[in-house]
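Number of protein chains: 4
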Amino acid sequence: MASNSLGQIFRITTAGESHGPSMGVIIDGCPPGIQVETAFIQQELNRRRPGQSDITTQRNEPDNCSIVSGVYEGKTTGAPILILIQNKDQQSSDYDHIETSFRPSHADYTYFKKYGVRDHRGGGRSSARETANWVAAGAVAKLVLKTQGIQIHAGVTGVGALTTSIDPIDLDWAHTEQNSVRCPDPEMAIQMQSLIEEIRDKGDTVGGVITCVINGCPAGLGEPVFHKMHADLAKAMLTINASKGFEYGSGFKAASMRGSEHNDVWEKTDSGEKTRTNYSGGIQGGITNGMPIYFRVAFKPVSTLMTDQTSIDAEGNEITIAGKGRHDPCVVPRAVPIVEALAAIVLADHVLMGRVWG
Amino acid sequence: MASNSLGQIFRITTAGESHGPSMGVIIDGCPPGIQVETAFIQQELNRRRPGQSDITTQRNEPDNCSIVSGVYEGKTTGAPILILIQNKDQQSSDYDHIETSFRPSHADYTYFKKYGVRDHRGGGRSSARETANWVAAGAVAKLVLKTQGIQIHAGVTGVGALTTSIDPIDLDWAHTEQNSVRCPDPEMAIQMQSLIEEIRDKGDTVGGVITCVINGCPAGLGEPVFHKMHADLAKAMLTINASKGFEYGSGFKAASMRGSEHNDVWEKTDSGEKTRTNYSGGIQGGITNGMPIYFRVAFKPVSTLMTDQTSIDAEGNEITIAGKGRHDPCVVPRAVPIVEALAAIVLADHVLMGRVWG
Amino acid sequence: MASNSLGQIFRITTAGESHGPSMGVIIDGCPPGIQVETAFIQQELNRRRPGQSDITTQRNEPDNCSIVSGVYEGKTTGAPILILIQNKDQQSSDYDHIETSFRPSHADYTYFKKYGVRDHRGGGRSSARETANWVAAGAVAKLVLKTQGIQIHAGVTGVGALTTSIDPIDLDWAHTEQNSVRCPDPEMAIQMQSLIEEIRDKGDTVGGVITCVINGCPAGLGEPVFHKMHADLAKAMLTINASKGFEYGSGFKAASMRGSEHNDVWEKTDSGEKTRTNYSGGIQGGITNGMPIYFRVAFKPVSTLMTDQTSIDAEGNEITIAGKGRHDPCVVPRAVPIVEALAAIVLADHVLMGRVWG
Amino acid sequence: MASNSLGQIFRITTAGESHGPSMGVIIDGCPPGIQVETAFIQQELNRRRPGQSDITTQRNEPDNCSIVSGVYEGKTTGAPILILIQNKDQQSSDYDHIETSFRPSHADYTYFKKYGVRDHRGGGRSSARETANWVAAGAVAKLVLKTQGIQIHAGVTGVGALTTSIDPIDLDWAHTEQNSVRCPDPEMAIQMQSLIEEIRDKGDTVGGVITCVINGCPAGLGEPVFHKMHADLAKAMLTINASKGFEYGSGFKAASMRGSEHNDVWEKTDSGEKTRTNYSGGIQGGITNGMPIYFRVAFKPVSTLMTDQTSIDAEGNEITIAGKGRHDPCVVPRAVPIVEALAAIVLADHVLMGRVWG
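Residue numbers (the numbering used here), protein chains in the order written: chain A, 1 to 358; chain B, 1 to 358; chain C, 1 to 358; chain D, 1 to 358.
Hints should not be assumed to be uniformly reliable.
When chains are identical, the list treats them as one kind, so a pair holds in a single copy or across two.
No farther apart than 27 angstroms at their CA atoms in a straight line, the calculated lysine-lysine pairs in the DSS-like style are these [what the hints assert, rightly or not]: (1) Lys324 to Lys274; (2) Lys274 to Lys253; (3) Lys113 to Lys146; (4) Lys146 to Lys75; (5) Lys324 to Lys202; (6) Lys75 to Lys113; (7) Lys268 to Lys324; (8) Lys253 to Lys88; (9) Lys274 to Lys113; (10) Lys324 to Lys88; (11) Lys113 to Lys268; (12) Lys324 to Lys113; (13) Lys274 to Lys146; (14) Lys253 to Lys202.
Everything labelled a hint here was simulated from the structure, so no lab data went into it.
Please take these sequences and the hints and turn them into a complete structure.
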């Protein structure tokens with residue numbers, strides 16, 4: 001059934017497989033008068049694209065995008081915005097060896113069970129190439145949020161056992177784009193880079209964690225009871241390929257805390273009401289309280305290895321799958337712009353929802 | 001804006017505040033011919049209701065429910081099912097002292113900022129009383145799932161620093177309803193009970209973790225890319241009051257794992273295809289693979305304390321909020337049926353979505 | 001599947017059968033701060049209720065309504081509003097004779113084919129009793145529209161071959177509630193009343209037409225391309241039991257007109273832009289243009305007759321259905337408040353949609 | 001707000017303006033395994049395209065389409081289908097003279113009031129060019145329906161005062177594509193052709209009526225109470241540019257009929273249950289009854305004339321708009337494939353909705 005749309009008021013609908021001519025996304029509900037330049041969308045896509053550094057897949061996709069509709073003389077018109085992103089470096093033959101087999105921990109088996117047919121080249125709709133659509137739409141969402149003074153920053157805060165000890169709120173986002181790992185803690189970034197290289201050289205892969213902080217968000221966004229801000233964020237984040245968990249504010253740590261230490265006490269300051277601590281992560285009862293929003297997303301290690309693995313084929317026969325293809329040793333550096341994009345789409349949707357009642 | 005509906009095909013719409021005459025939920029899209037007895041819905045509500053044990057709030061709500069429509073001669077007719085749950089033991093005066101103040105880490109502040117008006121008695125729609133609607137609807141969803149052989153079990157696996165060491169798949173759910181904590185590990189249950197009592201006696205509260213396992217789910221459920229099974233589960237779980245995080249399968253632990261250890265290798269067995277390990281948590285690419293689904297939900301400590309706290313009022317003046325009211329020292333024992341109910345609603349929705357192309 | 005909700009932002013979800021304890025409607029998305037009195041809702045329900053005059057069914061339903069949630073101290077809070085309407089004068093035995101037969105031009109046959117089960121008493125969800133839910137929700141919608149200066153008036157303009165010759169825009173709505181037919185043309189009302197009585201006395205029924213005019217609607221409401229104002233109105237009107245057609249502005253007459261006579265020429269007046277004629281019916285390209293909106297809805301004659309009819313039973317055997325029950329000889333007088341209610345719900349939804357980019 | 005999607009399970013989302021590089025439509029929810037050839041989509045587009053005969057606009061748009069995604073080796077995969085339709089013969093300068101003026105009975109004024117900006121070239125999203133998206137998506141829907149044995153035929157049955165006297169059910173659809181008017185009554189087609197030519201030569205335009213008949217539809221499709229089959233059809237038809245009214249079965253004529261003549265009496269035949277008459281138009285209580293569905297759609301005369309008209313500009317000054325551009329003297333011949341396409345989309349959606357409950 002129809003399930004390729006996200007959002008209520010600001011809604012994206014996506015299409016495309018990695019081995020067709022292009023990906024495509026329609027952004028419906030973008031307000032008129034927003035300044036949109038292709039260059040900015042392209043810049044965001046470049047942060048996601050393969051082959052951007054020595055710790056990402058060496059596949060080479062320029063990810064050229066074009067705006068087909070909805071923008072006139074550099075501004076949105078209120079009409080739906082169709083963006084196309086070209087597919088280019090498709091090596092479909094890379095996938096011949098899995099045409100009849102199910103790779104471990106991939107979606108090969110489940111897609112086959114669900115749809116009965118299989119476009120095995122690149123995984124069809126289960127391919128992470130779909131995330132290019134999200135990044136393009138997220139770029140437009142960021143431009144909507146910019147008019148409201150809302151900024152979204154994400155960065156890698158964990159790779160394998162390595163984790164930054166800096167508090168999310170204190171992270172200096174200026175560092176993120178200065179290293180290949182996209183870690184906002186520059187010292188940790190060096191260690192993470194070494195770890196990823198070491199694992200890559202063994203033909204193995206490793207998981208990681210991305211932290212996202214949203215600043216400038218006014219109090220009052222979020223729609224109880226079934227469009228709570230953090231619930232919509234959780235859904236969006238768990239939609240990202242390879243993500244395994246979501247927590248906001250104190251997160252899983254809250255489970256071991258006492259109410260007397262966890263409660264965020266309100267106080268009046270010169271710049272308005274604030275809470276002394278922010279275990280709530282900027283959201284209370286599903287509605288933003290004006291404090292910074294922050295959340296963490298866990299990612300599993302990439303399933304495609306450069307070493308041989310055993311599995312089964314469609315008839316259930318045991319087979320060996322050779323390590324092949326061009327894949328990332330660690331997914332999180334390239335997932336940073338994806339986390340930001342989906343967060344931006346959710347926030348833009350909530351900003352517009354918040355306007356309904358003035 | 002309208003935001004009180006959950007689900008696409010099997011969809012619930014809820015209404016009611018804790019201090020009105022009753023709560024109400026409309027279950028729309030329930031297939032005809034499902035056997036539904038009020039007694040089963042009541043039994044599920046009893047698991048959630050206050051005053052059920054010495055470690056829950058002493059408020060006394062019998063939570064009597066009645067089916068108003070959609071069921072004829074004990075079976076669903078395909079028409080929408082309206083269920084009412086009476087409110088009874090309302091001590092609105094308990095809330096007089098917070099009429100003009102914002103309790104720390106509650107939704108008082110954010111609801112006021114959003115809606116401009118405040119039904120301060122019991123928190124209005126932010127009250128956990130809303131979860132009675134979900135449990136009633138979840139009971140109907142469970143009856144739909146029963147016809148498909150799908151079972152859902154949840155239990156408390158963490159309270160404060162106490163955590164069971166039993167693997168989710170190995171938990172013996174028969175134990176869950178035999179202790180007040182609803183912990184499926186009976187030895188750990190005793191320790192948890194002591195901890196909660198100790199904390200309650202100090203007027204403090206503590207957080208916890210609930211684990212949920214879904215058995216009997218066939219391969220092929222889940223609708224990429226924006227209705228992935230685990231993303232819909234995440235959204236539902238984060239909708240529960242006081243929840244702070246969600247992880248499925250390997251969860252946050254996956255972030256520190258290698259691909260070579262994390263991959264779930266397929267093998268053929270006498271009872272069909274299986275994976276040797278189940279780090280995927282029964283879901284790959286957002287679609288179920290026939291293995292057990294399991295996930296964990298983190299809950300923060302209840303914000304209402306029996307001790308005094310400082311805060312501000314609507315004018316921003318610093319005030320002291322006295323410890324008062326009747327609240328749970330730990331939310332997780334009563335949240336177990338809520339987790340099950342929302343999981344059942346999500347699963348029933350996906351079972352029906354799966355039929356569209358069946 | 002779930003199909004008992006109408007609207008995007010201001011959305012109603014309904015439940016209830018004529019022979020259960022009550023009907024119920026949840027109004028989700030009503031802005032906070034709207035003054036809502038049960039008395040006004042009751043007054044609207046009284047306009048729809050059976051037994052109100054000698055040309056309507058003699059069934060006696062007081063249609064007592066109660067507001068269960070979402071209103072606090074006389075004002076909406078932004079929470080969903082649940083309204084219950086009691087069922088009372090149920091003579092289920094009236095329907096015993098059709099338990100196994102399909103009445104001509106009723107929904108008996110199609111409901112049985114679709115749902116497999118049949119709550120034959122009063123037609124289940126196909127009963128016009130459902131419209132009580134719409135009228136209650138429409139009353140709330142009218143109160144939302146009142147704050148925007150938008151007024152909705154409907155009246156009977158055709159019964160059988162009798163049709164008023166007054167232009168919709170020139171109708172004097174003060175007359176509508178002064179006659180049993182609800183015809184805003186008092187002279188025609190007398191003829192219509194005679195015709196309905198004559199037909200009723202023969203045990204027969206007759207169809208009719210309702211015209212609706214909406215004044216005070218600002219330019220700019222309507223959401224192309226799939227939520228055009230008139231398309232949403234058409235859908236709502238065709239949802240009403242027994243309705244067979246919808247036309248707005250020039251309607252079917254436009255098919256035989258020339259562009260040179262049909263075009264509405266813009267001119268500037270002291271009170272803003274106006275069109276000289278209004279064949280557009282206040283809507284151009286799916287968006288309101290500030291002129292009065294008007295449309296007509298056709299209703300078929302009621303299918304239940306007081307004379308015997310032949311038909312078949314579930315096994316396909318030919319049977320005779322005796323004329324029985326208590327039904328209206330002409331549906332349009334009681335359908336007037338229903339047309340207004342659904343128009344109000346559509347307009348309230350569009351007013352709120354219009355704010356998103358406001 | 002987002003409003004460019006139609007359908008629940010089989011859902012289309014559209015984008016594009018007449019003066020951008022292309023139109024684009026995403027068809028989401030199309031079942032896997034449906035045979036789809038570009039040639040068939042192109043053939044349907046050719047029926048809609050301008051310049052196809054001497055009584056349509058002389059604009060020349062080849063309307064070349066391409067399938068970007070969702071089809072693999074000639075069959076749908078269950079993934080969303082993106083179709084692009086090239087724009088080519090854009091004479092944007094044709095619209096220079098209306099850059100600051102509002103054409104009578106166009107959407108110029110209302111779009112400007114709503115969006116604040118204006119892409120005046122070709123009317124932006126209000127352009128009938130959008131209907132190319134619908135026809136492309138409708139072609140795919142027809143292929144879905146073909147697997148179910150459902151056929152949809154539409155034809156022109158009225159132009160100006162000329163109307164065929166043949167009963168909808170008796171129309172011979174083989175004639176439709178054999179004349180430029182697309183009238184299934186060949187004798188009437190000749191008269192209609194003459195009338196349109198005569199009106200065209202005067203620089204004027206004329207309205208018309210399209211009748212649509214759906215055969216092979218099983219009983220049981222339609223989802224009360226807010227997705228009744230005919231209500232969804234009405235909404236879709238009223239979405240078509242220039243449409244002013246919709247009626248199904250007996251339609252507006254029902255208003256003047258008696259119940260005793262209007263009731264469709266059931267009888268058992270060798271080929272199953274049938275009704276002797278079909279005033280119900282194949283739908284009872286919003287659900288199909290297995291009899292042919294038929295409905296009529298009224299279209300107003302095209303607003304763009306080849307003669308001068310007065311109007312106002314954005315400042316409210318009175319101006320004269322010269323007759324210019326290339327437009328159809330009568331919209332209905334080219335609207336026939338559009339009516340069929342939207343009917344097919346609605347039916348495909350309902351076929352899939354009908355599967356939810358098996």
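How the hints compare with the structure:
1. Lys324 to Lys274: Cα proximity of Lys324 and Lys274: across copies only (24 angstroms, versus 53 angstroms in one copy).
2. Lys274 to Lys253: Result: close within a single copy only, 22 angstroms intra versus 33 angstroms inter.
3. Lys113 to Lys146: This pair counts as between: shortest inter-copy Cα distance 22 angstroms, intra-copy 43 angstroms.
4. Lys146 to Lys75: Within. Shortest intra-copy distance 14 angstroms satisfies the 27 angstroms Cα cut-off; inter-copy 35 angstroms does not.
5. Lys324 to Lys202: within (13 angstroms within a copy, 60 angstroms between copies)
6. Lys75 to Lys113: between (44 angstroms within a copy, 17 angstroms between copies)
7. Lys268 to Lys324: between (59 angstroms within a copy, 24 angstroms between copies)
8. Lys253 to Lys88: neither (44 angstroms within a copy, 35 angstroms between copies)
9. Lys274 to Lys113: between (51 angstroms within a copy, 14 angstroms between copies)
10. Lys324 to Lys88: within (19 angstroms within a copy, 44 angstroms between copies)
11. Lys113 to Lys268: between (57 angstroms within a copy, 15 angstroms between copies)
12. Lys324 to Lys113: The answer is within: 24 angstroms in one copy meets 27 angstroms, while 54 angstroms across copies does not.
13. Lys274 to Lys146: within (23 angstroms within a copy, 38 angstroms between copies)
14. Lys253 to Lys202: between (34 angstroms within a copy, 21 angstroms between copies)
In this structure, only the earlier hint numbered 8 is contradicted, and the remaining ones agree with it.
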